[in-house]
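Visitor: Here is what each chain is made of, one letter per residue.
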Amino acid sequence: MRWGLLHVLFALVSAPLLAGVINRTKAFFGGRHGPSFFQLYYDIFKLLRKDAVYSRTTSWIFRTAPPIELAAVLLALLFTPLGSTAAWLCFQGDLLLVVYALGLMRFMIISAALDTGSAFEGMGASREAQLSALAEVALLVALLAVAAFTKSFSLSAFAAQAWAAGLVWPANAILPLVSAALLVVLLAENARLPFDDPNTHLELTMIHEAMILDHCGVDLAFIEYGSALKMWILSAILVSMALPLRASSSLLNFATGLGAMVIVALLVGYIESVMARLRLIRTPQLLVTAGVLSFLAVMVAMR
Amino acid sequence: MQALKEILIVLLILLNFRLLGTSRLGACVQTVALQALVIGLLPLLGPNLPTPWIMAMMAAATLVKSVVLPGLVRRALRETGVVRELEPLMGYTLSILTGTGLLVLSHLAGRKLQLPTGGVDQLLVPVTLFTMLCGLFLIIARRKAITQVLGFLVLENGIYLFGIAFAVHEPWLVQTGVLLDVLAAVFVMGITIHQINREFDHIDTDRFSTFKD
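Chain order of the listed sequences is A and B.
Note that the numbering used here has the first sequence beginning at 1, numbered continuously upward.
Note that the numbering used here has the second sequence beginning at 1, numbered continuously upward.
Worth flagging that the hints you see were computed from the coordinates, not collected in a lab.
From a predicted model like this one, the values you see are computed outputs, not experimental measurements.
One or more of the hints may lead you astray.
As a list, the in silico SDA-like pairs of lysine to any residue whose alpha-carbon atoms are at most 20 Å apart [claimed, not checked]: (1) A:K151 x A:F91; (2) A:K50 x A:M302; (3) A:K50 x A:V218; (4) B:K112 x B:I164; (5) B:K112 x A:F91; (6) B:K112 x A:A301.
Pairwise CB distance ranges (calculated) [stated by the list, open to error]: (7) A:S55 x B:T98: 41 to 47 Å; (8) A:I44 x B:L37: 26 to 32 Å; (9) A:M302 x B:A60: 33 to 39 Å; (10) A:T64 x B:G26: 37 to 43 Å; (11) B:L4 x A:Y270: 26 to 32 Å; (12) A:S126 x B:I140: 29 to 35 Å; (13) A:T200 x B:L44: 30 to 36 Å.
For each residue, glycine too, the CB sits at the ideal point set by N, CA and C.
Required output: the full structure, derived from the provided sequences and hints.
Guide: Take a look at the structure:
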């Protein structure tokens, strides 16, 4: 319980650090020095000091979206375990709450983007809706596969019960399948490279950035911080599913979880460095493949 | 051993999905060859090892299916100069989705047809059905004659796997007969594709229906 609270505090403080690690990894591969690890913190603090400017075509939806979005992602964070460290709060069925809190966050961003009436934002919103509709299936079915194996519907219970039920790395086909599916979902949901290039600011090709073009000031800071937290949550879920290790001491569990988070960030940075962005019409295929991996995991789990 | 077998079976399913999702014919041929190799490895992990005579027969069958037949198809590919299937009758994303449907169907059918051995072998029946259905699906959903030959090979892989799953009375002789048939068929099909290509400059089978004599 105490460790769960510590995880929440740790996530609140260090979620933007993941983006820093990813960017430094990419810079390393590109032979550059790269921005500071704390660049996203600077950006967020800069934005927090600024006022927001609202277009006259926007309505109350545009103004209420960023706070609701941040609240939804904070709610999801409370129920997210880190590796074998259980979440602060948990109950049977909290995996649905986490998945759909993230869904609410996405819905608010998409509504705000549509509310601006801008053609580019509408394009970004439509793409985001398409990708996330496919990613949601892959995520949910992957979690259900682990749930079917461990006979438990709580994210926090997965790691402990998976260990007890014999779900260890080389011995079972479920783990690689679920890990691969969750990694693809992580990349798609956080607008990382094979799906969306976070560096590009060409409106025609981008997805996430296109949706937040009209936000500024505090609103943009909320969205940036919310996105960083979402990255943290999905990485933590990936770590919890892919690494059901259980050390004897809670401190060791927690430290292993944090180390695995850094490894996930390094992995994402590596993938971004060696891969090109997929053509937009090819991205659904990759997500559908991730969904197939999840279905396969369910099949293996339920045999 | 059981864990390795499980991973190989999952790999078989993934190879089927790769066949459904890729447009490059070279990659398709490679996938079919790899699939035959994986199926050839499966009986070695079984609960009881086959006798040396059967082992030799299996090795020969695997060799033919993972080297000779893909080699024949590759030659047809080279002669016709076709690199990829550009306009399939059913798109690749939709094919993968259909494949998921077929997988669910095979899973449901497999639950009715339980093997007496239990354990990982429970997965063998669904995988067998799925491989055969994938082969049939490739035959109807693709336009190029080469992909249809590949679908035929995948179907044969499925039948061979069926024989392994139900190897009760050593049906290897029957399977060797089937293999010879397939070998002859692929040989004939390779020549036919070559002739079709030389006559009409393409191997799109759906355009054959417009011919008049």
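Visitor: All hints are to be evaluated individually against the structure, with a verdict given for each.
Guide: Results of checking the hints against the structure:
Restraint check: the Cα-Cα separation between A:K151 and A:F91 comes to about 14 Å, which is no more than 20 Å; the hinted pair holds. For the given pair, A:K50 sits about 53 Å from A:M302 by alpha-carbon distance, which is inconsistent with the 20 Å threshold. Distance check on the hinted pair: A:K50 and A:V218 sit about 6 Å apart at the alpha-carbon level, within 20 Å; holds. Restraint check for B:K112 and B:I164: the C-alpha separation of about 19 Å stays at or below 20 Å, so the hint holds.
With a CA separation close to 35 Å, the supplied pair B:K112 and A:F91 exceeds the 20 Å bound. Using a Cα cut-off of 20 Å, the hinted pair B:K112 and A:A301 holds, with the two alpha carbons roughly 17 Å apart. Between A:S55 and B:T98 the C-beta distance comes to about 44 Å, which sits within the given range of 41 to 47 Å. The supplied range of 26 to 32 Å is broken by A:I44 and B:L37, whose beta-carbon atoms lie about 53 Å from each other.
Remark: the range hint 33 to 39 Å for A:M302 to B:A60 is upheld by a beta-carbon distance near 37 Å. As the Cβ distance of A:T64 to B:G26 is approximately 54 Å, the hint placing it in 37 to 43 Å is violated. Between B:L4 and A:Y270 the Cβ separation comes to about 28 Å, which falls inside the hinted range of 26 to 32 Å. Between A:S126 and B:I140, the C-beta spacing of about 33 Å keeps the proposed range 29 to 35 Å intact.
The beta-carbon spacing between A:T200 and B:L44, approximately 50 Å, falls outside the hinted interval of 30 to 36 Å.
In summary, the structure is inconsistent with hints 2, 5, 8, 10, 13 from the numbered list given earlier, while agreeing with the others.
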